[in-house]
Structures are given as C-alpha cells and as structure tokens.
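Q: Be aware that the sequence shown starts at 1, since it is given in our numbering, and climbs by one per residue.
A couple of the hints might just be wrong.
Unchecked claim - Under the rule of at most 25 Å between Cα atoms (straight-line distance), these lysine to any residue pairs were calculated in the SDA-like manner:
#1 K150 to P180
#2 K166 to E93
#3 K231 to E162
As the list claims (entries may be wrong) - FRET-style restraints, in silico, Cβ to Cβ:
#4 V245 to T183: 28 to 38 Å
#5 L210 to E62: 16 to 26 Å
#6 M143 to R115: 29 to 39 Å
#7 M1 to D108: 35 to 45 Å
#8 V245 to L210: 17 to 27 Å
These are computed hints drawn from the structure, not numbers from a lab.
Keep in mind the model is a prediction, meaning the values are calculated, not measured.
Backbone N, C-alpha and C fix where the C-beta goes; we use that ideal spot for every residue, glycine too.
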Amino acid sequence: MRHPVVAGSFYPSNPDSLRSMVSEFAISNPDSSVIACVSPHAGYVYSGRTAGRVHSLLPDAETFVVIGPNHTGYGSAVAVSMDSWSTPLGDVETDKEFVDAMPKIIVDIDETAHRYEHSLEVQVPFLQFLHNDFRIVPICLGMQDEETAKEVSEEIIEAEKETGRKIVVVASSDMHHYLPDKTCREKDEIIIDSILSMNLKKYYKTIYELQASVCGYGAIGVAMEYTNYHKGYAKLIDYSTSGDVADKSSVVGYAGIVFCV
Numbered sequence: 001m002r003h004p005v006v007a008g009s010f011y012p013s014n015p016d017s018l019r020s021m022v023s024e025f026a027i028s029n030p031d032s033s034v035i036a037c038v039s040p041h042a043g044y045v046y047s048g049r050t051a052g053r054v055h056s057l058l059p060d061a062e063t064f065v066v067i068g069p070n071h072t073g074y075g076s077a078v079a080v081s082m083d084s085w086s087t088p089l090g091d092v093e094t095d096k097e098f099v100d101a102m103p104k105i106i107v108d109i110d111e112t113a114h115r116y117e118h119s120l121e122v123q124v125p126f127l128q129f130l131h132n133d134f135r136i137v138p139i140c141l142g143m144q145d146e147e148t149a150k151e152v153s154e155e156i157i158e159a160e161k162e163t164g165r166k167i168v169v170v171a172s173s174d175m176h177h178y179l180p181d182k183t184c185r186e187k188d189e190i191i192i193d194s195i196l197s198m199n200l201k202k203y204y205k206t207i208y209e210l211q212a213s214v215c216g217y218g219a220i221g222v223a224m225e226y227t228n229y230h231k232g233y234a235k236l237i238d239y240s241t242s243g244d245v246a247d248k249s250s251v252v253g254y255a256g257i258v259f260c261v
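Input sequences plus hints: build the corresponding full structure.
A: And the structure:
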C-alpha cells in the first residue's frame, strides 16, 4: 500500500474536509472528447481551482494514467507503481494488467520513486471525488527529455492497444516557479503556446531556450505525444498563479489544459 505523504499539508487529511474542499473546485462536467490533460500539483489552496476546472472535464475511464515528475530523486528514473494507493477518501487499485502489458523497455516497476513524491498523489482525490470504479497507473519521471517522453508514450499506447482499456492520461505539472507574478505569466504564456501548438520539438526547444522551471515538462511531453498519436488537439481551460491567493513577488504558475480528439 502506498500511503499519502502530503495529506494534512497539501490537502486536508480529514475525509469530510477534503470532500468539501474538492467540491468547491470541481463540478462534474465530463467531455467525452478529452483523452488527456495537464493539471497542477501544488497545495489545493493555491492550485485547486485550476486543477478542479480540468478534472471536472475528464470523462469516466477504466484507467487513469497519472504521470508526474520525480521531485525527490529516489528510485528508478522512470518508475511505475503496482501498489494500491491510499488517500483520506479511500484506496485505489493500480491497473496491474495494464502495467503488465507495457513493454517496460524504459519503464521500471519501482515503488521507491513514489514513496515520498507528491505530484501524483494530489491528483488522486480529484479522481476519487469525480469518478467511480477506476484504476490508476502512476508513472514517476526522473528523466524528462524528449526521447523519454516519446518512449513512455509508446509504452502507454502499446498497453492501451493490448488491453483495450479506455484510458485518460493525466500529466501532473506546475508551470514556472518563484518568479514575480508578471514575469511568471509572460513566460508561462510562451510555454502554453508551445503546448497548444502540439509540436513536441518546438515545445522542448521552448523549454530549453527559456530554461523553464516547469517541473513536469516531461509528463506534459508524454501527454502531447499520446494525443498526437490519436490525432488530437490541446485547449487551455484555466490559468492562475499562487499570486492570486498569496504574495505576488515570488509565485508559481498553474495551467489547466485538456487534450481532445
């Protein structure tokens, strides 16, 4: 069992308080054309609004493939978890059949990478609040280069084909970190435009040229590549910064994006 590590800090540890908070941000309004998304992973008081607006649009799925950056440095460079995941709202099973169907050329089964990582955990209560009868495939990225994003996407697509699962990919990422609010918004607009272009090479070029502090840029790359395979497009749903609720001198940006077919 993978136990929560940021319950009581990033979001409430009390189930009723957590449900109440999520209900303020998320109202089920599923869009069947959505196959992937970008959702932020800060404390809910900061990024909950943007995350909720994205999660509200996600259709029901048998399996949510949740991908995020490895902030801790522990474990495998590309790690998928097979453990059940616990939150104050209950337990969620991983889709072991889906993981078994992944070729695992670049992806390793590894729990250590997930033990203290918050980026995937904060997405799960939103999924639990809005959906029933689903499983997750949690993938933690220590490597986030373009080639890794392509290879992880290929593994997901291969398992999707083999299992016939209806899946939705959730890329967990914040935007720029610790900049003045105005600067953050300007730089984030450039990154968001490159995501909406659906051109992976252009996106990575923009990330490197800006030296962008976008923590889950590889997870976003996986969602883009997965969507390109399905001949889809991207749409910006919401944008905010921590400066909307706190000090504007040093903020983090949050983009909510859906990928549709």
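Q: For a C-alpha distance cap of 25 Å, please report whether K231 and E162 respect it.
A: holds (19 Å)
Q: Quick check: does the Cβ-Cβ distance between V245 and L210 fall within 17 to 27 Å?
A: Because 25 Å falls inside the window, the suggested range holds.
Q: If you check the beta carbons of M1 and D108, does the distance land in 35 to 45 Å?
A: violated (20 Å)
Q: Can you confirm whether the C-alpha distance between K150 and P180 stays at or below 25 Å?
A: The hint is violated at about 33 Å.
Q: Given the range 29 to 39 Å, decide if the beta-carbon distance of M143 to R115 lies inside it.
A: For R115 against M143, whose Cβ atoms are near 18 Å apart, the range 29 to 39 Å is violated.
Q: Checking one constraint from the list: CA of K166 to CA of E93, max 25 Å. Satisfied?
A: holds (16 Å)
Q: Please test the hint of 28 to 38 Å on the beta carbon pair from V245 and T183.
A: violated (18 Å)
Q: Within 16 to 26 Å: is that where the Cβ-Cβ distance between L210 and E62 falls?
A: About 37 Å separates the Cβ atoms of L210 and E62, which means 16 to 26 Å is violated.
Checked against the numbered hints listed earlier, the structure breaks hints 1, 4, 5, 6, 7; every other hint is satisfied.
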